[in-house]
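Throw the hints in and build the complete structure from the sequences for me.
Protein chains: 2
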Amino acid sequence: MLNLTFLKNNLVAAINTAMKAVPTRTSLPILECFLLEAKYDTVTLTANDMEMAVKTTVDAEVEENGHIAVDAKVFSEIVRKLPEDEVNISVTENLQVRITSGKAHFEIAGKDGEDFVDMPIMEKGTPVVVSQMTLKDIIEETIFSIAPNENNKMMTGELFEINNNVLRVAALDGHRIAIRYSVLPDFYERKAVIVPGKTLNDISRILSGDASKTVNIYMGRNNILFEFDKTQLMSRLIEGEYFRINQMISDNYETKLVFNRRELLDCIERSVLLVRESDKKPLILDIRDGGTVLSLNSVIGSMKEELEPEKEGKDLLIGFNPRFLSDALRAVSDEKVNLYLSNSRAPGYIRDDEGTYIYLILPVNFVAR
Amino acid sequence: MLNLTFLKNNLVAAINTAMKAVPTRTSLPILECFLLEAKYDTVTLTANDMEMAVKTTVDAEVEENGHIAVDAKVFSEIVRKLPEDEVNISVTENLQVRITSGKAHFEIAGKDGEDFVDMPIMEKGTPVVVSQMTLKDIIEETIFSIAPNENNKMMTGELFEINNNVLRVAALDGHRIAIRYSVLPDFYERKAVIVPGKTLNDISRILSGDASKTVNIYMGRNNILFEFDKTQLMSRLIEGEYFRINQMISDNYETKLVFNRRELLDCIERSVLLVRESDKKPLILDIRDGGTVLSLNSVIGSMKEELEPEKEGKDLLIGFNPRFLSDALRAVSDEKVNLYLSNSRAPGYIRDDEGTYIYLILPVNFVAR
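Protein chains in written order, with numbering that gives the first Met the number 0: chain W, 0 to 368; chain P, 0 to 368.
It is worth saying that the hints were derived from the structure and are not from the lab. Since no wrong hints were added, every one of them can be taken at face value.
No more than 20 Å apart at the CA atoms, straight line, and that leaves these computed lysine to any residue pairs for SDA-like:
id : chain 1 : residue 1 : chain 2 : residue 2
1  : P       : K303      : W       : T99
2  : W       : K80       : P       : L306
3  : P       : K303      : W       : I107
4  : P       : K102      : P       : L6
5  : W       : K102      : P       : E309
6  : P       : K80       : W       : L264
7  : W       : K80       : P       : L264
8  : W       : K102      : P       : K303
9  : P       : K7        : W       : D265
10 : W       : K7        : W       : E106
11 : P       : K80       : W       : R329
12 : W       : K229      : W       : L6
13 : W       : K212      : W       : P126
Computed from the model, here is a short list of chain W residues facing chain P with C-beta under 10 Å:
id : residue
14 : V96
15 : A108
16 : S301
17 : M302
Backbone N, C-alpha and C fix where the C-beta goes; we use that ideal spot for every residue, glycine too.
In structure tokens, the structure reads:
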């Protein structure tokens, strides 16, 4: 039967990656396991929660090829705490898994690898190639705009759209839209899929963010596959056609403000202290030539602060959910940000001159005092 | 009315200290407040949850003496996020509290300071003087042995006993006892009180742990007062006479083991991975001349590891709750630890030769296999 020797750190790294696809609750107990498959000098760990599957390989001394399923949580906790750099894993005929490191010996029950639900097979075609850094950044800079609940399935995912050499990623929740554009090294045919938010959160945590490493993305009909380093991550796609975001976005404006981003963000984060989770008090911007006064009144108290952005165009009084503003401002790293406005009932846009991001936020009605 | 100017960092430090006595839930809304009392060039912050009260002073420019109560949580969140180093606080005639820093202005509702329930007054007498480091350490090294629930009120507190120049602190939960001795610079009459565990947890978090700074402890009939730095912390005592721990402790033993503490602790922490919160699987020590085998069997799996402590006396097979052993071993910093045993039904003792600590742990019955 199986007899494998690992370097502990390598095995722990593989466990950390595969763990993302282990479901916390499931009606199918085998899914709480990792599948370990040994072949020549590598072992592949697979986890699958039926929405997403992860496969990652780790170097090992393999005495005999084979496979076994082990409880992912127990296995991972034990391996992490082992005393020595070297870890030996062997399997007895009755599927007991023996884990040995130095003088420490553990034995846990394994399960037949045949019962494991493996990652689906996918026809790969040509991959879209992006850097790990780009993919990680683009996810983190948009993911907060997806809807948290499942009332509208489409809103819980993100649009991934390739057009020539541009990757566009968009998320919206009915109150705001986040869009990021990234220029790719190569050109591709147009393709658009909707990727579940959970998948994107998981992959952004696994990705190293290294600009010199790449990810191959294969977009299938029902699945998307990300290949990078020693890892494959496959996820179901959300079916259907995404919202027509081009029609929601306008280039027109009547007022343009240029803020110091940090100053604006700090002021907004202070205002949020007066807003309890449940209520929706708007932050009101009173925009005039002399300066912009931001104010908020709630049951907790009131705040007022004057900033001095560069201003072009009309004076305006407009209210926003301050959390939506701060989410967008945190996703930007520029020193200066532009806020484009038309009137108190039209969306505000935070967008840069280079066209790498657009954050659209709907205003909130309020009673002027 | 009140008009105060603080350095933000000083005010934040005082808030952090006083916050410990703000109740999370209370039927008396005024207790969710800090009382701010301004007098000449200092402001005193007071919080009181009726079990424990904290007073701490902070330097300030005071334009007029007076007092006001403000919601502790809201006040603390706002002050922390203020933009500048200087913070001005003023109170209007209708008890609105204005907080200003740079261009940021906040206003929250205050409450009449007269309604605040102040710290009780106590006849002080002579204090017991200990270093902040000693008090902090002695609490952290015993507090884990108090009982978590209120079934037996006395077990939720710790014995603080002064005898001549020795401070003895003890905690027990019916399965184990933790005792620490500390030699004080001065001599005192015998005194013993039972201090609530919550108070001790809070004070250990406020104390700096500085060996050169002292704490004055005043032990009253119903209350205990700790004075240190710019802070007074007063707590109710638990009424009654503490368990007679001297009678529970014995110096006799039939087996003595000397372990490398880190090695033993690591092995025990690995064994705990196989024990779910709810079940009480013992860690079994099979003690022989050649070595001690530690093993544990649970529904999750089994482990076995051999250590080679120095051994004196009889062979023995004995079982312990591994979490109790690891709690005690973590509270010790010595490189070597002594474990004294008599038989499989008698308590085990972890104690040092110098008599600074005793950890008594009752063994667990088990079926030898």
